[in-house]
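Based on these hints, arrange chain L on the given structure of chain A.
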Amino acid sequence: MSETILDIRGLVTAFNTRNGAIRAVDGISLSVKRGTTLGIVGESGSGKSMLSLSVMGLVPPPGRIAEGQVMFRGTDLTKLPPSKMRDLRGNRISMIFQEPMTSLNPVHTVGFQIVEALRAHRKETAARLKEEAIEALRKVRIPSPERRFDEYPHQLSGGMRQRVMIAMALACKPDLLIADEPTTALDVTIQAQILELLRELQAETGMAIILITHDLGVVAQVADEVAVMYAGKVVERAPVSRVFQDPQHPYTIGLMGSMPRMEEDVDRLVAISGVVPPPFRLPPGCRFNPRCPFVGSECRVEQPALAALTDAHAVACWKAPLEEHV
Amino acid sequence: MTKPLLELEDVRKLYPVKKGLIVQKEVGTVRAVDGVSFQLMPGETLAVVGESGCGKSTTARLAMRLIESTSGTIRYDGQDITKATRQDMRRLRRDMQIIFQDPYSSLNPRMTVEEIIAEPMVVHNVGDRASRRDRVRELLRLVDLAPYHADRYPHEFSGGQRQRIGIARALSVSPRLVVCDEPVSALDVSIQAQIVNLLKDLQKEFGLTYLFISHGLAVVKHVSDRVAVMYLGQIVEIADKKSLYDNPRHPYTQALLAAAPEPDPSRRTAMKSLGGDLPSPLSPPSGCRFHTRCPLAQERCRSEVPALREIGAGHRAACHFAESVPAFDRFRNGEGIHPRLQERLALYARHKAALATVSA
Chain A
1 MSETILDIRG
11 LVTAFNTRNG
21 AIRAVDGISL
31 SVKRGTTLGI
41 VGESGSGKSM
51 LSLSVMGLVP
61 PPGRIAEGQV
71 MFRGTDLTKL
81 PPSKMRDLRG
91 NRISMIFQEP
101 MTSLNPVHTV
111 GFQIVEALRA
121 HRKETAARLK
131 EEAIEALRKV
141 RIPSPERRFD
151 EYPHQLSGGM
161 RQRVMIAMAL
171 ACKPDLLIAD
181 EPTTALDVTI
191 QAQILELLRE
201 LQAETGMAII
211 LITHDLGVVA
221 QVADEVAVMY
231 AGKVVERAPV
241 SRVFQDPQHP
251 YTIGLMGSMP
261 RMEEDVDRLV
271 AISGVVPPPF
281 RLPPGCRFNP
291 RCPFVGSECR
301 VEQPALAALT
311 DAHAVACWKA
321 PLEEHV
Chain L
327 MTKPLLELED
337 VRKLYPVKKG
347 LIVQKEVGTV
357 RAVDGVSFQL
367 MPGETLAVVG
377 ESGCGKSTTA
387 RLAMRLIEST
397 SGTIRYDGQD
407 ITKATRQDMR
417 RLRRDMQIIF
427 QDPYSSLNPR
437 MTVEEIIAEP
447 MVVHNVGDRA
457 SRRDRVRELL
467 RLVDLAPYHA
477 DRYPHEFSGG
487 QRQRIGIARA
497 LSVSPRLVVC
507 DEPVSALDVS
517 IQAQIVNLLK
527 DLQKEFGLTY
537 LFISHGLAVV
547 KHVSDRVAVM
557 YLGQIVEIAD
567 KKSLYDNPRH
577 PYTQALLAAA
587 PEPDPSRRTA
597 MKSLGGDLPS
607 PLSPPSGCRF
617 HTRCPLAQER
627 CRSEVPALRE
637 IGAGHRAACH
647 FAESVPAFDR
657 FRNGEGIHPR
667 LQERLALYAR
677 HKAALATVSA
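One line per chain: the protein sequences are A and L, in this order. Quick note: the first sequence uses this note's numbering, first residue 1, plus one each step. Quick note: the second sequence uses this note's numbering, first residue 327, plus one each step.
One chain only, chain A, in its complex shape (with noise of 0.2 Å):
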């Protein structure tokens, strides 16, 4: 049994606002182990890239993390004095996040921004930063990286700057990597080269990955185990593998039909109907049940727990398992 990397327990993250106190991240509760990849999926306004800044300590004002714990490797880190923080961050737990270009600074070259750091985290003269920095591009496969080290941000590819990110966040080789959308703005043959170097990187160092991303093709490409989020909470949770056999929640199918698919020939899509609800607004019961086709009434009620439904199946729905009830 590999070791929890990070085990999430019942996260409230809540900002307070003239509508009232909104839930963007409801009582979340999940883990991952290391050497293995969570992927997360939702629509924007799912609260998924905020759950990630609340393991990263960085909620911005006026949020703040109102309930639960973030585990990592024995340590709460909602407790964590900020200055405890920031010696975690960017060295046992990274992220990297959609847009390449603006997380990069212009006005430095690749190697100096990669330096800056290590050297956060690391005492060591100025010659040894550089070779790791260039080691570090070297992992990532950036062609002659002794030459790119010297090179500003606006002279890469997109897909060559997502890589940089990826080795400023890797460099200090951490536990757990958190990637927000890595492959959203980059060309479909560039995504495919940055999956497939996440995952070779992952088998080299055991890191753990945390994948957030609205595309259930990535997912399936990379993650081991898949949450799918709804408005601030897990609505269904379970292997790979199961999520697309048996997806359970109706949002999951939903999803599953939205998705355009070049193996098949349907007509129409099956779409969800309606839009996410807005934080501020949400529906009593299930937060799904306006859009969910199978709404009964006491999906308008009560909000339903996300329960097992095996060992590693966990759905919130009351209709679950899903072909008994309808």
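Among these hints, one or two may not hold up.
Unchecked claim - A few chain A positions that, by computed beta-carbon distances, are all more than 12 Å from chain L: (1) I22; (2) P260; (3) D267.
Said to hold, decoys possible - Derived list of chain A stretches under chain L, where covered just means 3 residues or more per stretch with a C-beta under 8 Å from a C-beta of chain L: (4) 152–162; (5) 191–200; (6) 203–217; (7) 241–252; (8) 272–282.
Claimed, not checked - A short list of chain L residues far from chain A (calculated; beta carbon distances all over 12 Å): (9) V343; (10) K345; (11) G369; (12) R455; (13) Y474; (14) I517; (15) L622.
By construction, these hints were calculated from the structure, which means they are not laboratory data. C-beta atoms are modelled at their ideal positions from N, C-alpha and C, and glycine is treated no differently.
For chain L alone, kept in the frame of chain A given last:
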């Protein structure tokens, strides 16, 4: 024999690159679109697919003459529009409308939805105030919005709803040709499907002709009749949807198909990635432009430019070895959607339909 509604013949758009502050010297040319030809039949959907920088959006804008071409002929309904006067063009544009990618920047935030949708009618002098009002209400219903939405402002709507407003605006003057420039790329998955379905319904109802620009081959498979694949300003393959997906003959088309992540965890090894980056359109590679990334490149590809030639009925590819390129078997090794998932999707669709009839 029906006449094509839109026809591009060897259309080029070159942008000069200048250097120097006072005396500007031309130091090069970006060949954004470099000799593109295709025909678009009435009622048909032609999809133009490619990665960023391949010239697909430029092609769309050229087709509507929103930007001027450097050379080549563009015929709309048999008439060469590259030489049409401003007045003629204005009249023609009533017939050709465009839906943009980003519903956040393509709607004026200071106009109400009614003003936005009615604007093309005002510009083209269609109807009077009262009839336009009625038309806006009718259009809102068509795109599944409510009449009371007319008095609201764009910021009150979600991305999907804004895209519906953009579609209503495009349809307000009853165009024949609608250019869809990545209309769903900025939307969430569940909303994408709604908009794709809506576009298909509207096409059926009004016999619209679509020029559909997209970077993804999956969406295109759902909306198009024919597909053109572009690489560095040129069409490398164009064919009926069926022949393109079943038997892609250009290595780049195959690479695009292979790179799309497949929503099936049991088929992971199938993902093979293409090496390298897109070369700069400022100095495209010699010979075949794809040879720097092509796994099958040979000596001839480096020196000789392949012509876009017929290799089957309505199937054209620009590759010296189009006939001998190995068959692409991505879809043959699997059995498609898992039967269990298929049942689930059917169940979902049935319930959704039942619910819709109850509420109607």
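For each hint, the structure was consulted:
1. At the 12 Å boundary, the C-beta of I22 of chain A stays outside the reach of chain L, the nearest C-beta of that chain being 17 Å off.
2. At roughly 4 Å, the least C-beta separation between P260 of chain A and chain L is not larger than 12 Å, which violates its mark as non-interface.
3. With a least CB separation of 8 Å from chain L, D267 of chain A falls inside the 12 Å interface cut-off, contrary to its annotation.
4. As drawn, the segment 152–162 of chain A meets chain L at 4 residues by the rule of a beta-carbon pair under 8 Å; at three or more, the given contact holds.
5. Note: the segment 191–200 of chain A has 5 residues with beta-carbon separation from chain L under 8 Å; the three-residue rule is met and the coverage holds.
6. Check on the segment 203–217 of chain A: 4 of its residues sit with their Cβ under 8 Å from a Cβ of chain L, so the three-residue criterion for coverage holds.
7. Chain L is given as covering the segment 241–252 of chain A, and this holds because 6 residues of the stretch bring a CB closer than 8 Å to a CB of that chain, at least three being needed.
8. Counting residues of the segment 272–282 of chain A whose CB lies closer than 8 Å to any CB of chain L gives 4, which reaches the minimum of 3, so the coverage claim holds.
9. Interface exclusion of V343 of chain L from chain A stands, the closest Cβ pair being 16 Å apart, more than 12 Å.
10. Chain A leaves K345 of chain L outside its interface by the beta-carbon criterion, the shortest separation being 17 Å against a cut-off of 12 Å.
11. G369 of chain L, annotated as away from the interface, keeps every beta carbon of chain A farther than 12 Å; the closest lies near 17 Å.
12. At the 12 Å boundary, the C-beta of R455 of chain L stays outside the reach of chain A, the nearest C-beta of that chain being 32 Å off.
13. No Cβ of chain A approaches the Cβ of Y474 of chain L within 12 Å, the least distance being about 17 Å, so the stated non-interface status holds.
14. The beta carbon of I517 of chain L is not kept farther than 12 Å from every beta carbon of chain A, the shortest such distance being approximately 7 Å.
15. With a least CB separation of 16 Å from chain A, L622 of chain L remains clear of the 12 Å interface cut-off, as annotated.
Against the hints set out earlier in the document, violations occur for numbers 2, 3 and 14.
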